[in-house]
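Asks: Work out the full structure: start from the sequences and follow the hints.
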Amino acid sequence: MNPWEIMEKMSVKEREDFARVVNKLLGSTFITRRNEENKRDYYFIERYEELLREYLKNAGWTLVGDRIYGIFQAVSDFPANRLHLRLEESIILLIIRLCYEEKRKEVNLTENICLRVREIQDKYAALKIRARPIDKKSLREAVNLFKRFNLLTALDSDVTDPECRLEVYPTILFATRVDDVRSLYDKLESYGSARPAGEDGE
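Those letters in the sequence shown? Residues 6 to 207, per my numbering, in order.
By construction, these hints were calculated from the structure, which means they are not laboratory data.
In this text the structure is predicted, and so the values were computed from the model without any measurement.
Each residue gets a CB set at the ideal place from its N, CA and C atoms; glycine is no exception.
Relax, there's no trap hidden among the hints.
Simulated restraints on C-beta separations:
(1) 165 with 95: 13 to 21 Å
(2) 167 with 42: 23 to 31 Å
(3) 89 with 29: 17 to 25 Å
Replies: In C-alpha coordinates form, the structure reads like this:
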(Lines of atoms letter the chains of each structure in order from A and count residues from 1; the text may use other names and numbers.)
(Lines give C-alpha, C1' and ligand atoms only; values in the text may rest on other atoms or scores of the structure.)
Protein backbone atom coordinates (compact mmCIF):
# COMPACT_ATOMS: atom_id res chain seq x y z
CA MET A 1 0.00 0.00 0.00
CA ASN A 2 1.45 3.36 -0.99
CA PRO A 3 1.57 6.23 1.53
CA TRP A 4 -1.37 8.11 0.00
CA GLU A 5 -3.60 5.04 0.21
CA ILE A 6 -2.72 4.88 3.90
CA MET A 7 -3.92 8.46 4.35
CA GLU A 8 -7.20 7.68 2.60
CA LYS A 9 -7.84 4.87 5.07
CA MET A 10 -7.15 7.04 8.13
CA SER A 11 -9.97 7.79 10.54
CA VAL A 12 -11.06 11.38 11.14
CA LYS A 13 -9.14 11.36 14.45
CA GLU A 14 -5.98 10.05 12.77
CA ARG A 15 -6.18 12.75 10.11
CA GLU A 16 -6.53 15.39 12.83
CA ASP A 17 -3.51 13.92 14.63
CA PHE A 18 -1.58 13.85 11.35
CA ALA A 19 -2.17 17.57 10.74
CA ARG A 20 -1.33 18.45 14.36
CA VAL A 21 1.88 16.38 14.40
CA VAL A 22 3.09 17.79 11.06
CA ASN A 23 2.60 21.35 12.32
CA LYS A 24 4.27 20.52 15.62
CA LEU A 25 7.25 18.93 13.89
CA LEU A 26 7.71 21.87 11.52
CA GLY A 27 7.36 24.32 14.40
CA SER A 28 9.80 22.63 16.76
CA THR A 29 12.10 20.75 14.31
CA PHE A 30 12.53 17.90 16.80
CA ILE A 31 10.15 15.41 18.39
CA THR A 32 11.63 12.95 20.85
CA ARG A 33 10.23 10.11 22.90
CA ARG A 34 12.56 11.22 25.71
CA ASN A 35 10.17 14.12 26.34
CA GLU A 36 7.04 12.74 28.01
CA GLU A 37 4.94 15.46 26.37
CA ASN A 38 6.15 14.31 22.93
CA LYS A 39 6.10 10.55 23.41
CA ARG A 40 2.65 9.99 21.89
CA ASP A 41 3.53 12.12 18.86
CA TYR A 42 6.85 10.32 18.43
CA TYR A 43 5.10 6.95 18.16
CA PHE A 44 2.52 8.43 15.77
CA ILE A 45 5.37 9.51 13.46
CA GLU A 46 6.98 6.10 13.81
CA ARG A 47 3.71 4.43 12.82
CA TYR A 48 3.18 6.66 9.77
CA GLU A 49 6.82 7.39 8.99
CA GLU A 50 6.71 6.69 5.25
CA LEU A 51 3.55 8.75 4.78
CA LEU A 52 5.05 11.67 6.71
CA ARG A 53 8.31 11.36 4.81
CA GLU A 54 6.53 11.61 1.44
CA TYR A 55 4.25 14.40 2.63
CA LEU A 56 7.15 16.52 3.91
CA LYS A 57 9.28 15.76 0.86
CA ASN A 58 6.63 17.34 -1.37
CA ALA A 59 6.83 20.50 0.77
CA GLY A 60 10.64 20.73 0.64
CA TRP A 61 11.43 19.04 3.96
CA THR A 62 13.33 15.87 4.84
CA LEU A 63 12.25 13.67 7.74
CA VAL A 64 15.26 12.31 9.63
CA GLY A 65 14.81 9.59 12.25
CA ASP A 66 17.12 8.00 14.79
CA ARG A 67 15.54 5.15 16.73
CA ILE A 68 18.53 4.64 19.01
CA TYR A 69 18.09 8.11 20.48
CA GLY A 70 14.34 8.22 19.85
CA ILE A 71 14.30 11.32 17.66
CA PHE A 72 12.54 12.59 14.57
CA GLN A 73 13.77 15.78 12.93
CA ALA A 74 12.38 17.90 10.09
CA VAL A 75 15.17 19.41 7.98
CA SER A 76 14.32 22.08 5.43
CA ASP A 77 15.77 21.76 1.95
CA PHE A 78 15.89 25.57 1.83
CA PRO A 79 18.58 27.35 3.91
CA ALA A 80 16.32 30.39 4.37
CA ASN A 81 14.01 28.27 6.57
CA ARG A 82 16.78 27.35 9.01
CA LEU A 83 17.10 29.13 12.32
CA HIS A 84 20.05 31.49 12.71
CA LEU A 85 21.06 31.90 16.35
CA ARG A 86 22.45 35.05 17.89
CA LEU A 87 26.06 34.79 19.05
CA GLU A 88 25.15 34.48 22.74
CA GLU A 89 22.57 31.77 21.97
CA SER A 90 25.17 29.84 19.97
CA ILE A 91 27.64 30.02 22.85
CA ILE A 92 25.09 28.86 25.42
CA LEU A 93 23.95 26.03 23.13
CA LEU A 94 27.52 24.78 22.66
CA ILE A 95 28.18 24.96 26.40
CA ILE A 96 25.07 22.87 27.06
CA ARG A 97 26.28 20.39 24.43
CA LEU A 98 29.71 20.32 26.08
CA CYS A 99 28.12 19.61 29.48
CA TYR A 100 26.00 16.93 27.81
CA GLU A 101 29.09 15.24 26.34
CA GLU A 102 30.86 15.27 29.69
CA LYS A 103 27.87 13.84 31.56
CA ARG A 104 26.51 11.25 29.16
CA LYS A 105 29.31 8.81 30.00
CA GLU A 106 27.72 8.58 33.44
CA VAL A 107 24.26 7.46 32.24
CA ASN A 108 22.85 4.85 29.87
CA LEU A 109 21.22 5.53 26.50
CA THR A 110 17.70 5.49 27.96
CA GLU A 111 18.36 8.37 30.35
CA ASN A 112 18.33 12.12 29.77
CA ILE A 113 21.09 14.35 31.07
CA CYS A 114 20.33 16.70 33.94
CA LEU A 115 22.45 19.76 34.64
CA ARG A 116 22.11 22.95 36.65
CA VAL A 117 22.24 26.47 35.27
CA ARG A 118 25.22 27.05 37.56
CA GLU A 119 27.21 24.53 35.49
CA ILE A 120 26.56 26.56 32.34
CA GLN A 121 27.56 29.76 34.10
CA ASP A 122 30.71 28.17 35.54
CA LYS A 123 31.75 26.76 32.16
CA TYR A 124 31.09 30.12 30.51
CA ALA A 125 33.32 31.86 33.07
CA ALA A 126 36.05 29.20 32.95
CA LEU A 127 36.32 29.39 29.17
CA LYS A 128 36.72 33.20 29.37
CA ILE A 129 34.52 33.64 26.35
CA ARG A 130 33.31 37.01 27.55
CA ALA A 131 34.55 39.51 30.11
CA ARG A 132 31.15 39.47 31.82
CA PRO A 133 28.96 36.57 33.02
CA ILE A 134 25.85 35.57 31.06
CA ASP A 135 23.15 38.13 31.71
CA LYS A 136 19.77 36.88 32.93
CA LYS A 137 17.86 38.09 29.89
CA SER A 138 20.10 36.22 27.44
CA LEU A 139 19.99 33.09 29.56
CA ARG A 140 16.21 33.16 29.90
CA GLU A 141 15.68 33.76 26.18
CA ALA A 142 18.13 31.01 25.20
CA VAL A 143 16.55 28.41 27.50
CA ASN A 144 13.05 29.29 26.28
CA LEU A 145 14.22 29.00 22.66
CA PHE A 146 15.87 25.63 23.24
CA LYS A 147 12.75 24.41 25.04
CA ARG A 148 10.65 25.37 22.03
CA PHE A 149 12.86 23.20 19.83
CA ASN A 150 12.70 20.23 22.20
CA LEU A 151 16.37 20.37 23.15
CA LEU A 152 15.67 20.62 26.87
CA THR A 153 13.10 21.41 29.51
CA ALA A 154 13.44 23.36 32.75
CA LEU A 155 12.51 21.36 35.84
CA ASP A 156 12.31 24.49 38.00
CA SER A 157 10.46 27.75 37.41
CA ASP A 158 13.26 30.34 37.46
CA VAL A 159 15.73 29.49 34.71
CA THR A 160 18.06 32.27 35.85
CA ASP A 161 18.49 30.65 39.27
CA PRO A 162 21.92 28.94 39.35
CA GLU A 163 20.30 25.90 41.00
CA CYS A 164 17.61 25.56 38.32
CA ARG A 165 17.73 22.06 36.82
CA LEU A 166 17.63 21.52 33.08
CA GLU A 167 16.78 18.15 31.56
CA VAL A 168 18.65 17.91 28.26
CA TYR A 169 17.44 15.61 25.49
CA PRO A 170 19.65 13.81 22.94
CA THR A 171 18.22 16.15 20.29
CA ILE A 172 21.11 18.41 21.36
CA LEU A 173 23.41 16.03 19.44
CA PHE A 174 21.56 16.74 16.21
CA ALA A 175 21.15 20.48 16.78
CA THR A 176 24.92 20.95 17.17
CA ARG A 177 26.89 19.06 14.55
CA VAL A 178 30.21 18.78 16.39
CA ASP A 179 32.05 15.47 16.33
CA ASP A 180 33.96 15.51 19.60
CA VAL A 181 34.68 17.45 22.78
CA ARG A 182 37.89 18.96 21.37
CA SER A 183 35.93 20.36 18.45
CA LEU A 184 33.43 21.85 20.91
CA TYR A 185 36.23 23.63 22.76
CA ASP A 186 37.70 24.86 19.47
CA LYS A 187 34.33 26.21 18.38
CA LEU A 188 33.80 27.97 21.71
CA GLU A 189 37.28 29.48 21.54
CA SER A 190 36.45 30.85 18.09
CA TYR A 191 33.42 32.60 19.58
CA GLY A 192 35.63 33.98 22.32
CA SER A 193 37.88 35.55 19.71
CA ALA A 194 34.82 37.27 18.24
CA ARG A 195 34.26 39.53 21.26
CA PRO A 196 32.52 42.80 20.54
CA ALA A 197 34.83 45.79 20.18
CA GLY A 198 35.86 47.23 23.52
CA GLU A 199 35.31 43.99 25.43
CA ASP A 200 38.45 42.34 26.74
CA GLY A 201 38.96 39.00 28.39
CA GLU A 202 40.22 40.24 31.72
